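Enquirer: Could you build the full structure based on these sequences and the hints that come with them?
Taken in order, these protein sequences are the chains called A and B. Numbered per our numbering, the first sequence spans residues 1 to 205. Numbered per our numbering, the second sequence spans residues 1 to 110.
The hints are simulated quantities; they were obtained by calculation from the structure and are not laboratory data. Check the hints yourself; a few may be wrong.
A few chain A residues facing chain B, derived, Cβ under 7 Å [claimed, not checked]:
| id | residue |
| --- | --- |
| 1 | Thr26 |
| 2 | Leu120 |
| 3 | Ala159 |
Partial list, derived from the structure: chain A residues whose beta carbon lies under 8 Å from chain B [stated by the list, open to error]:
| id | residue |
| --- | --- |
| 4 | Val25 |
| 5 | Tyr49 |
| 6 | Ile73 |
| 7 | Ser82 |
| 8 | Arg94 |
| 9 | Pro126 |
| 10 | Leu137 |
| 11 | Gly162 |
Which stretches of chain B does chain A cover? Using the computed rule of at least three CB atoms under 8 Å from a CB of chain A, they are [stated by the list, open to error]:
| id | stretch |
| --- | --- |
| 12 | 9-16 |
| 13 | 69-79 |
Since this is a predicted model, take the numbers as computed values, not measurements. The beta-carbon is built from N, C-alpha and C at its ideal position, and this holds for glycine as well.
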Amino acid sequence: MLWQAAYTVLFYLFAVAAISFAIGVTVSRRLLRAAVYLMSLLLTGAAIYVMLGAFFLAGVQVLVYVGGIVVVIIFAVMLTNSAQLGLATSPGYRKVMAFAAAAGMAIISCLALWTSKFNLSAATVPSDNIKAIGLKLLDRGAGGYVLPFEIISILLLAAVIGAIVIARRTTAPGQPFTTRGDEPAELANSTLKTQLCIEQEEQKV
Amino acid sequence: MIEFLASHTPGPHHWLVLSMILFSIGLYGVLSRSNAVGVLMSVEIMLNSAAMNFVIFNKYISPAAVDGQIMAIFAIAVAAAEAVVGMAIFVAIYRRRWSIDVSTMDLMKD
Chain A
1 MLWQAAYTVL FYLFAVAAIS FAIGVTVSRR LLRAAVYLMS LLLTGAAIYV
51 MLGAFFLAGV QVLVYVGGIV VVIIFAVMLT NSAQLGLATS PGYRKVMAFA
101 AAAGMAIISC LALWTSKFNL SAATVPSDNI KAIGLKLLDR GAGGYVLPFE
151 IISILLLAAV IGAIVIARRT TAPGQPFTTR GDEPAELANS TLKTQLCIEQ
201 EEQKV
Chain B
1 MIEFLASHTP GPHHWLVLSM ILFSIGLYGV LSRSNAVGVL MSVEIMLNSA
51 AMNFVIFNKY ISPAAVDGQI MAIFAIAVAA AEAVVGMAIF VAIYRRRWSI
101 DVSTMDLMKD
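Expert: In structure tokens, the structure reads:
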């Protein structure tokens, strides 16, 4: 009785938290702040997985999403200088159209949910389903997932190699490696000027 | 009060509406963000809510099986690969054009 009441309260708590963090990710003008909101949203998602009885998935969520993907995204923000560039906003008509599309998506999903009947099962989730996940992932028989499991490992290897190949800095042979080698001259001057201005301001203070 | 809360535990529709709202917010972010890294973050929200749907149906339709959770694990793995390749592409584009504004990425349009 008390446990069910706590379950209801926790559901609405996590739902409100997840929705507000998601809104923070999409409307925050500073991208680093959006990345922190995304991390909080994914942690809330891990709590939601625990409430749904998927304990292994909650651990995977924290390890892979919060420990890996958010770090990669923060690297992307840093390496592309988006912490400053992120302040540029998109035009208003695009936001209106995006809101219309998202609202239409929500309405259509609501109607589909309203009109569909699910074959619900009254059984409860067994608490020790981690062993079942491991056996199912390496099961070679019918209904086993060993082939997708191996293909996922090839996909991750290909993604890592592809990322290195795409992001590698290509310098012409004979040229010395410089950190700002392919920067346009006028941009280099302008960044130098802003750096000088910042230093002068600091000296004044 | 406690009786009211205990008799209103969330059913499958509550969870599905939550994940649908998260998906719609992610869709809004994908369409309205101008920075490509922001678009990537919104795509992560959408992937997360889709994985959540698998777990919800696993809990409420076949609780004894774990197929939905395995699908969610695969979705998380694909999301990790997508984030890594996306970051590499954004860094390469930024190095070439000094901007990752998605509205200027129309090289393949004509």
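Enquirer: Next step is simple, just say for each hint if it's right about the structure.
Expert: We went through each hint and held it up to the structure:
no.	hint	verdict
1	Thr26	holds (3 Å)
2	Leu120	holds (6 Å)
3	Ala159	holds (4 Å)
4	Val25	holds (5 Å)
5	Tyr49	holds (6 Å)
6	Ile73	holds (6 Å)
7	Ser82	holds (5 Å)
8	Arg94	holds (6 Å)
9	Pro126	holds (7 Å)
10	Leu137	holds (6 Å)
11	Gly162	holds (6 Å)
12	9-16	holds (count 7)
13	69-79	holds (count 9)
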